[in-house]
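Here the protein sequences come in this chain order: W and B.
The opening residue of the first sequence carries number 66 in the numbering used here; numbering runs sequentially from there.
The opening residue of the second sequence carries number 3 in the numbering used here; numbering runs sequentially from there.
I should point out that these hints are in silico values taken from the structure, not numbers from a laboratory.
Just so you know, these numbers come straight off a predicted model, no measurement behind them.
Every residue gets a Cβ at the ideal spot worked out from N, C-alpha and C, and that includes glycine.
Hints should not be assumed to be uniformly reliable.
As the list claims (entries may be wrong) - Using C-beta positions, here's what the derived DEER-type ranges look like:
(1) B/Gly204 <-> W/Asp153: 51 to 59 Å
(2) W/Lys129 <-> B/Gly121: 37 to 45 Å
(3) B/Asp212 <-> W/Gly223: 43 to 51 Å
(4) W/Leu206 <-> B/Phe191: 20 to 28 Å
(5) B/Thr116 <-> W/Lys129: 54 to 62 Å
(6) B/Gly169 <-> W/Gly223: 35 to 43 Å
(7) B/Ser67 <-> W/Glu164: 58 to 66 Å
(8) B/Gly139 <-> W/Gln243: 39 to 47 Å
(9) W/Gly223 <-> B/Gln184: 42 to 50 Å
(10) B/Asp212 <-> W/Ser155: 35 to 43 Å
(11) W/Arg115 <-> B/Gln184: 48 to 56 Å
(12) B/Ser38 <-> W/Arg225: 50 to 58 Å
(13) B/Gly121 <-> W/Glu266: 36 to 44 Å
(14) W/Gly223 <-> B/Gly23: 32 to 40 Å
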Amino acid sequence: MVTSGKGGVGKTMVTANLGVALAELGKLVAMVDMDVGLRNLDIIMGLENRIVYDLNDVIDGQCKLQQALIMDKRFDNLYLLPAAQTRDKSSITSRQMRELCAELKDRFDFVLLDCPAGIEHGFTVSVAGADEAIVVTTPELNAVRDADRVIGLLEAAGHRNPYLIINRVRPRLVRRNQSLRVQEVVDILAVGLLGVIPEDERVVASMNLGEPVVLYGGEVAHAFRDIARRMLGEEVPMLPVEEGRGVLGALRRMMGIG
Amino acid sequence: MRDPGRPGDSPREILLHLPDGQDFSRALEALDRQLSGADPMDVVVDIGTRKLSTRELLRLEEAISRHGSRLLRVTESPSRKGGSTLRIVGSSGSRHREVVEEESQRPSEDFERTLLHKGVLRAGQMIKYGGNVVILGDVNPGAEVIAGGDVVVVGTVRGLIHAGARGNSAAIVVALRLDPVQLRIGRHFSRRPEDGPTEEGGPEMAWVQDGRIVVEEYRSDVRRR
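Put together the whole structure using the sequences plus the hints.
Structure follows, in structure tokens:
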């Protein structure tokens, strides 16, 4: 599951790009939009016009899982299970989610759950279905606070070692001491660092075009491809996003916690 | 734990019950009547299977001391295991355990009791304990530790700490790094200075000196009380 606590830190962007990066590596990947009522992932993937059935239809038995899964335009090993737009989050129970995830896990190498913001029902339901958790934050105090809270809740729910992705790192602000350093964020949250993604305007452009930024190349794409390889168990050094201090220490920390 | 059923070691010791299932205020009134007019005594209160909150405990203590008597100890009925109970209470509407709350039932022994918490205390989590609290990990922003006694953090304090929470200004706070949002000791209170965090260094200790909370380098020879 990809989660954050705070909204707007890039969960959906991370889910989409991780999905693409894992698919590029030949893995069979399903992305599930858990944000029932506020679906987004289909837009970022440029698949909105292909939706016929959704998550709720599968859970309610209106269709088979096979029928609701949308194959990506670019990769035939990447699938999206969209959220229902006209329902609300309480329409899915933890038990239904566990059953659905079990079915998905049987068929796919990776199942990425794009959680809604917040720590309410949508979060709880996603936790029930997930084996591992990736927490996305930006290097801002309020986002880190919310990530910390979410990590506490994940730990309480049995996810002992959630992973961390720090999104939208701005080297210029870091150099001027106007932003938290990667190392500071890792120190506070004390979990394994999975990746650091630099701020890049092209991310916004790519989302509007429905083309995940991984397909564009560049530093952000590089960062996501590295994360995907780390998820496959490879040891990939962190990109020196901040240029200089901090990153090395963060890497050492990740290896330690692994 | 000593047998609660035999308070007769001293002629001035008396055992009183707070019956199960009775409203606390009502039970307290009954206890009050039993004590009125009697000579000052050492009182042992059997609370049965009831759980007392810190506030209720304080009310109980107050009710007894009003009659010049002294609350010697609080015991539980034999069906329960000795010691105070560690309660983990969830926030409303969530099935996640997130608040670790300790309600100690023996005020006289509180300061000798210590709760050990292993792991980072994260935003939204709280430890409330009548005795001392030791945390092996950081106390993050948005987390709270409220202790009747001292607080020792083997890590960095960035959240809120209240030591000596029942008004004990002799309590101390020791941490590898003290950078709390707010620090309270007894009835004293201090905020993090606006000019940024303290400089890096060795372990630090906060205590009350001349009515103010001071933070200084930790020295093992500091005498207390």
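How the hints compare with the structure:
For B/Gly204 and W/Asp153, the hinted distance range of 51 to 59 Å is satisfied, since their beta carbons lie about 53 Å from each other. In this structure the hint that W/Lys129 and B/Gly121 lie 37 to 45 Å apart at CB holds, the actual value being about 43 Å. Separation of B/Asp212 from W/Gly223 is about 49 Å and conforms to the stated range, judged on CB atoms against 43 to 51 Å. Against the hinted window of 20 to 28 Å, the Cβ-Cβ separation of W/Leu206 and B/Phe191 comes to about 23 Å, which satisfies the hint.
Evaluation of the 54 to 62 Å hint for B/Thr116 and W/Lys129 yields a pass: the beta carbon distance comes to about 58 Å. B/Gly169 and W/Gly223 have their C-beta atoms about 39 Å apart, which keeps the hinted 35 to 43 Å range intact. The beta-carbon spacing between B/Ser67 and W/Glu164, approximately 59 Å, falls within the hinted interval of 58 to 66 Å. Between B/Gly139 and W/Gln243 the beta carbons are some 29 Å apart, a value that contradicts the proposed interval 39 to 47 Å.
Distance hint for W/Gly223 and B/Gln184: a CB-CB separation of about 32 Å, inconsistent with the stated range 42 to 50 Å. Taken as a hint, the range 35 to 43 Å is violated for the pair B/Asp212 and W/Ser155, whose Cβ atoms sit roughly 57 Å apart. Roughly 53 Å separates the CB atoms of W/Arg115 and B/Gln184, a value that falls within the hinted 48 to 56 Å. At about 56 Å, the CB distance of B/Ser38 to W/Arg225 agrees with the hint of 50 to 58 Å.
A hinted range of 36 to 44 Å holds for the C-beta pair B/Gly121 and W/Glu266, which are about 39 Å apart. For W/Gly223 paired with B/Gly23, a C-beta distance near 36 Å keeps the hint of 32 to 40 Å intact.
In this structure, the earlier hints numbered 8, 9 and 10 are contradicted, and the remaining ones agree with it.
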